[in-house]
Amino acid sequence: MLDAEVAVGGEWAEWYRLTPTQRWSESRKLWQQYLAMGGKLDPEPDTQSPFYFPEASGTVPADGRTSVRSIRRR
Amino acid sequence: MGGQACVLYGAAEFSRDTDFAILADPANLRRLGKALQELRARPIAVPPLDVKYLRKGHAVHFRCQARGCAGLRVDLMARLRGLSGFPILWRRRQIWRLSSSLEVAGLSLPDLVRAKKTQRDKDWPMIRRLVEADYFTYRGKAGAKQIGFWLKEARSPEILIELKREFPAKFAQEAKKRRVLRAVAKKPVQELEKLLRREEDLERTKDRAYWRPLRREMELLRKTKIHSRN
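Chains A and B are the protein sequences, given in the same order. The numbers in the first sequence follow numbering that gives the first Met the number 0, run straight up by one, and end at 73. The numbers in the second sequence follow numbering that gives the first Met the number 0, run straight up by one, and end at 229.
Simulated from the structure, these hints should not be mistaken for lab results. All values reported here derive from a predicted model rather than from experimental measurement. C-beta atoms are modelled at their ideal positions from N, C-alpha and C, and glycine is treated no differently. The reader is advised that the hints may include incorrect statements.
[To be verified] Here are the simulated lysine-lysine pairs, DSSO-like style, with alpha carbons at most 30 Å apart:
#, chain 1, residue 1, chain 2, residue 2
1, B, LYS140, B, LYS185
2, B, LYS193, A, LYS39
3, B, LYS193, B, LYS224
4, B, LYS193, B, LYS222
5, B, LYS222, A, LYS28
6, A, LYS39, B, LYS140
7, B, LYS185, B, LYS224
8, B, LYS151, A, LYS39
9, B, LYS151, B, LYS193
10, B, LYS51, B, LYS205
11, B, LYS151, B, LYS169
12, B, LYS33, B, LYS222
[What the hints assert, rightly or not] Here are some, though not all, of the chain A residues that point toward chain B, as calculated from beta-carbon distances under 10 Å:
#, residue
13, TRP14
14, SER26
15, GLN31
Work out the full structure, taking the sequences as your base and the hints as a guide.
Written as structure tokens, this is what we have:
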């Protein structure tokens with residue numbers, strides 16, 4: 000049987016093993032940390048979105064980061 | 000149906016906006032309007048919140064101003080490319096009870112995966128993660144329907160190889176419809192990755208074609224809005 004740790008790496012395998020409630024809780028912690036660090040809710044433009052229009056976007060964050068991104072990569 | 004649903008299913012996104020699939024009918028939009036008022040949500044861009052645009056497949060965007068969610072973007076859609084209408088999506092929904100006072104409904108996993116087949120780079124690794132999470136959680140206890148879902152949607156060569164080993168009959172059946180499956184155990188992993196990329200490219204092309212007339216309409220609405228302002 001395919002070993003999840005080998006196939007996707009330890010960090011991802013661990014994340015997959017959490018229940019939805021545990022993942023939600025972890026995600027909330029990340030949110031709290033993000034907001035405590037001064038992170039903004041206003042997203043940066045998603046230029047690949049089919050309904051992207053510049054006036055729909057707020058100001059670009061100083062860090063220049065995207066609003067939605069994978070926080071774990073292989 | 001966005002980043003929050005992905006987190007619950009096992010992928011991981013840090014999303015600063017919230018996407019909702021909604022029923023586009025006048026009574027529901029009135030209820031929704033009240034909820035948006037509570038959030039002091041203001042419409043941004045085009046089109047306006049109108050059954051007509053939602054039913055065509057447009058997304059309607061808001062930005063909240065209420066305390067605790069100031070700046071939060073809320074995106075609403077009633078129709079998604081390749082997905083059934085809202086009543087069927089609702090019937091198939093997944094419900095998570097996250098605490099004694101919080102219950103959340105999301106698209107079913109197959110619907111969410113389908114919805115993620117867009118022209119955007121960021122959605123494709125997410126599909127892979129969503130199916131991986133489901134596979135590693137439920138393999139060994141899955142029924143025919145779930146196995147069929149993996150065979151149709153898995154995007155990890157290692158999982159495809161194991162699926163062929165574990166479910167040869169079902170695999171052979173699905174391979175008639177999916178080219179990458181026919182290459183499993185015959186071609187190296189790099190070749191499987193290439194075929195998966197081809198599937199992705201095809202969907203991206205379809206997504207662009209789907210949005211082309213909608214974008215044209217949005218452009219027109221935008222110009223009309225600017226013109227009426229001046």
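Results of checking the hints against the structure:
| no. | hint | verdict |
| --- | --- | --- |
| 1 | B:LYS140 / B:LYS185 | 28 Å, holds |
| 2 | B:LYS193 / A:LYS39 | 38 Å, violated |
| 3 | B:LYS193 / B:LYS224 | 44 Å, violated |
| 4 | B:LYS193 / B:LYS222 | 41 Å, violated |
| 5 | B:LYS222 / A:LYS28 | 42 Å, violated |
| 6 | A:LYS39 / B:LYS140 | 42 Å, violated |
| 7 | B:LYS185 / B:LYS224 | 57 Å, violated |
| 8 | B:LYS151 / A:LYS39 | 38 Å, violated |
| 9 | B:LYS151 / B:LYS193 | 17 Å, holds |
| 10 | B:LYS51 / B:LYS205 | 23 Å, holds |
| 11 | B:LYS151 / B:LYS169 | 11 Å, holds |
| 12 | B:LYS33 / B:LYS222 | 29 Å, holds |
| 13 | TRP14 | 6 Å, holds |
| 14 | SER26 | 5 Å, holds |
| 15 | GLN31 | 13 Å, violated |
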